[in-house]
Structure formats: C-alpha cells, structure tokens
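2 protein chains.
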Amino acid sequence: MEKLSNIGSYLFLAEPFHCDFSKRLFIGHLGNHLLNAADYHSSERGYGMDYLNTINKTWVLSRLAIEMDEMPEMYTRFNVESWVDGVMKFFTSRNFKVIGEDGIVYGYGKSVWAMIDTETRQPTDIFAIRDGLIKEYVETEHECPIEKSSRVKMGGDAELVRTIPTYYNDVDINGHINSVKYIEHVMDLWDLDWYKAHRVKRFEIAYIAESHQGDNLSFYRSENAVTDGLTDFSVRITKTNSDGEEVEVCRSRILFK
Amino acid sequence: MEKLSNIGSYLFLAEPFHCDFSKRLFIGHLGNHLLNAADYHSSERGYGMDYLNTINKTWVLSRLAIEMDEMPEMYTRFNVESWVDGVMKFFTSRNFKVIGEDGIVYGYGKSVWAMIDTETRQPTDIFAIRDGLIKEYVETEHECPIEKSSRVKMGGDAELVRTIPTYYNDVDINGHINSVKYIEHVMDLWDLDWYKAHRVKRFEIAYIAESHQGDNLSFYRSENAVTDGLTDFSVRITKTNSDGEEVEVCRSRILFK
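Chains as they are written, first to last, in this note's numbering: chain F, 1 to 257; chain L, 1001 to 1257.
Calculated from the structure, these hints are not laboratory results.
Remember, it's a predicted structure, so these values are computed and weren't measured experimentally.
Every residue gets a Cβ at the ideal spot worked out from N, C-alpha and C, and that includes glycine.
Treat each hint with caution, since some may be false.
Heads up, simulated DSSO-like pairs for lysine-lysine below, C-alpha to C-alpha not over 30 Å straight-line [what the hints assert, rightly or not]:
hint, chain 1, residue 1, chain 2, residue 2
1, L, 1135, L, 1148
2, L, 1153, F, 23
3, L, 1196, F, 257
4, L, 1057, F, 196
Stretches of chain L that chain F covers, calculated by requiring three or more beta carbons in the stretch to come under 8 Å of a beta carbon on chain F [unchecked claim]:
hint, stretch
5, 1004-1017
6, 1026-1032
7, 1035-1045
8, 1095-1108
9, 1178-1188
Here chain F stands alone, though its shape is the one from the complex (with noise of 0.2 Å):
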C-alpha cells in the first residue's frame, strides 16, 4: 500500500441549522468538523481512534486554538486540512487549515492532543503505537501562521456569569461532557447584541479535568488589557460535584474584533 500523503483534506458543509443570526457557521460546529478531520486523518493512517480503542487506549484533545478571518457563509463548502506537525512521548500537536472550494483561507486550527489508558486514565507513550508509526507522517513545512495556545491567564477579578446543569445531549460517547459543548457553553456568556456588533477573532480552550452529567458548570470571566486592537475575555469553567467540591475543567480565551 502506497503512504499516504502527510496532511489530509476533508470536505464539509456549512449547514443552515449550524449558521448563527448572521449566516455564517457557528464556532462550536466549526470545532466539531476540526475535531472530525483529525479523527479521519488519524484513522487513515493507522492510529486513529478506532484502532486504538481495540488496544483500550484513545486521543484526549488537551488544547484547542482557533483563529479565524472568516467564518464560511451557510451552504459554503469549505476543506479542512489537517497534519501532525510534532510529536513527543506523550503529546502531538496537529494543525488545521480551513479553505473554501474557491481557494479563500477562512483561518486556521492548532490543537495539542494526549494518549491515554482507558482503563488507568493515564497517558500512555505514543511511540508505542505501531512502533512509532506516527513519526513517518510529521509534516513541519506546511504554514500554519498563527501562535499556539499558551496558558490562559485569569485575572484575579474573575466573576461568576453563570451556573448550569448539565443534561443528556452534553454527554460524549465516553461519559463525559461533549469537547464541543464547552465551546457552545462559552459562547453563550455573551448574547445576541453582542454577536451583532462583534466577531470572533481568535478562540482558545484548554481541557484540564473531565466532567460527567450531573455535575454544575460554572463560568467565571474576566476581560483583559484590549490586545493588538481586540476585546479579551478569558474564561474559567469549573465542575461542582454532587459533594458540593468545584474543580477547574476547563480554561477559554476569547478575542473579538
């Protein structure tokens, strides 16, 4: 069987009922067609989740930056090419690039993910998998322009938004609240006015600790110094238990123009 090429390229629709007011894709759909590529891209090349799972183990996405000029217009189709550009024992990073059919570069995606142990929950060494299989389709010359995600600073001044349940439709195929869920959640701390008279520039999240239904999320915001001329937020999410005990799950930040 002849190798595959290094980055892989995926086609998709923007839906009418995954557009916003404005016609254009929501971010959460967005994440979900990213995180879509990089499963098809993994399970073509022989480490993707389908396979890995038969080993009980699976890609936990640990960080996910996205930054976009535009977003498509409803029934835009538009590629999304995805690569590993690095890999080290416990962690890759793997980039994405979202194109239309005519050419325009909408933005582009960079994602950090782990291995794991299903059963211990614990990280698992990548090398492992197929005897470093992945190491022959690390793909370094491809642009990706825009900078990682670094760690999202809270400001001390962090205020409590909001606290929701969480419900049946938030829950994943492993138990756990829906990666893209937490986005939609973020994104509904600002309502629709706000939409009307912002973009999102550039988004960010960091998963840090799992969370399950029944548990509460509560989002804390606080705005940031205006950077390069854009409004920032970021963004605390934290899981309270049915013990009453809250944990930090995830970290957002948020730039609009």
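Mind docking chain L on chain F? Use the hints.
Leaving out everything else, chain L in the frame of chain F:
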C-alpha cells in the same frame, strides 16, 4: 433538463460527536439530517429556501414525527430519502426513510410544512410558486408505514419540570429558536440513567409559535397510559417573554421502549 425523480436520497454519517453515550446518533442530530434532506430535495427541484428567500417566502416546519427501530451507530453511513406525499394550498406533507448503506431500514419520518411570507409572517399560497411546480413531484406510492402526527393531548396533571433561558447558540438563521434545539431540550428532560434503560421508539413535535433569544422556555410533562407496551409522555413547551406573558410554543410526545 430532465425532470428529477420524486424521491431524493442524501448520504449522511453518524459522526462521533453527534452520538450519545451508547454510541448511537442523538435524535436531535437525526432531526437535523432530516431537515437537511428536505432542504436539499426542495432546492434541487426549484422550490427550496434558496429560491423562496429571493421572493420573500420561506418554508416553516409545522410538525415532525420520527419513528425508529434503531438509531445508526457511530461511523455508520446512511441515506435519508425524502419526498413530498401531499400538497394543499397552505401545507405540504413530506416523508422520510432512513436506510443504511447495507439496506437496513432504521426508521421513518413524517412532516408537515407551511409556506409563509417573510414580511407579513402570514401563510402564503404554495401553488402560486412557479405555477404549482411542486405538484409535479408528489409521490404517493413510496412506502412510509408510520402514523401521521396527531394532536398531542396534554393531561390536566402536566407538571413543570424545568424552565431554561435561551442563548446565542439556540438561535437560527431566521432569528428564532432553532427547531432542532427544542428536540434536544425535550430529550434533556430525562437523564442518562433513564436512557440506559429506555430507547426512543417514536418522537413527535408540533411547532405552534416562534420564540426568540431572551425568552424563557418552560417544559411541562405528563405521563400517559402505556401505549402498545411503550412508555408514553406528552410535553408542552411555553415561552415567557420579558412582560411575563406565557404562550405555548411547542407540543411533543415521546414513546419509549
């Protein structure tokens, strides 16, 4: 140009982040696929939203019923067939059949749609569109062996289960609460433990009035007598606007096995 067949068929994939803890497609995402199939089918035949919007008209979903033997499993590719099986001046009825690539029939859907003028929000004559073009595509032979949705009866003892605010991600391209989000909010009235013991056999929803971001949605639920061995619930959704006025927006019925 050759006339297209009456029945359109569209391929979808049960994406991993669209599946629940049991690794089967969420009913809300299935509903979204059905609505997409309706949209593609009508657009290809000249009476879709894309054309209607240019003449200030649009389709409005009035009722949807879905009856499933089983839900597609994660990564399964399946086709949604859609066709119009009846048309009157102000309403059309449209059917759906969900079939795996291997020919397995997962289930069926039935829907009723009105056409409205987007300026007056009043019903408009469907036969006035392209000289009644839609009549050329009515298909009455293709099988859809499930019951139409009927008027959902609410028991006098319907209990308020939950009141939730509506946010940015709930709002669709028309500025209203997204039809699919109501389905998700209804399904969220039961928790994960319930779904570990029960599967949805039939889901019905009737859309009565539109709601907007900022409205609070209240969910009233009553349990009916067991129907054909199925646990049978009715749900009424109301909106409460900023004046405190409460208006019914949807009714739904869910049969679990």
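These are the hints, each one checked on the structure:
A threshold of 30 Å between alpha carbons decides the hint, and for residue 1135 of chain L with residue 1148 of chain L the separation of about 21 Å falls inside it, so the pair holds. Distance restraint check for residue 1153 of chain L and residue 23 of chain F: the Cα-Cα separation of roughly 36 Å exceeds the 30 Å cut-off, and the hinted pair is therefore not satisfied. With a C-alpha separation of about 44 Å, the suggested pair residue 1196 of chain L and residue 257 of chain F falls outside the 30 Å cut-off, and the hint is violated. Only pairs whose Cα atoms come within 30 Å are accepted, and residue 1057 of chain L paired with residue 196 of chain F is accepted, the gap being roughly 24 Å.
Counting residues of the stretch 1004-1017 of chain L whose CB lies closer than 8 Å to any CB of chain F gives 3, so the stated coverage by that chain holds, three being the minimum. Note: the stretch 1026-1032 of chain L has 3 residues with beta-carbon separation from chain F under 8 Å; the three-residue rule is met and the coverage holds. Beta-carbon proximity to chain F at under 8 Å applies to 3 residues in the stretch 1035-1045 of chain L; the threshold of 3 is reached and the given coverage holds. Interface restraint, the stretch 1095-1108 of chain L with chain F: violated (0 residues with C-beta to C-beta distance below 8 Å; minimum three).
With a cut-off of 8 Å between beta carbons, the stretch 1178-1188 of chain L has 6 residues touching chain F; three or more are needed, and the interface restraint holds.
Consistency with the previously given hints fails for numbers 2, 3 and 8, ordered from lowest to highest.
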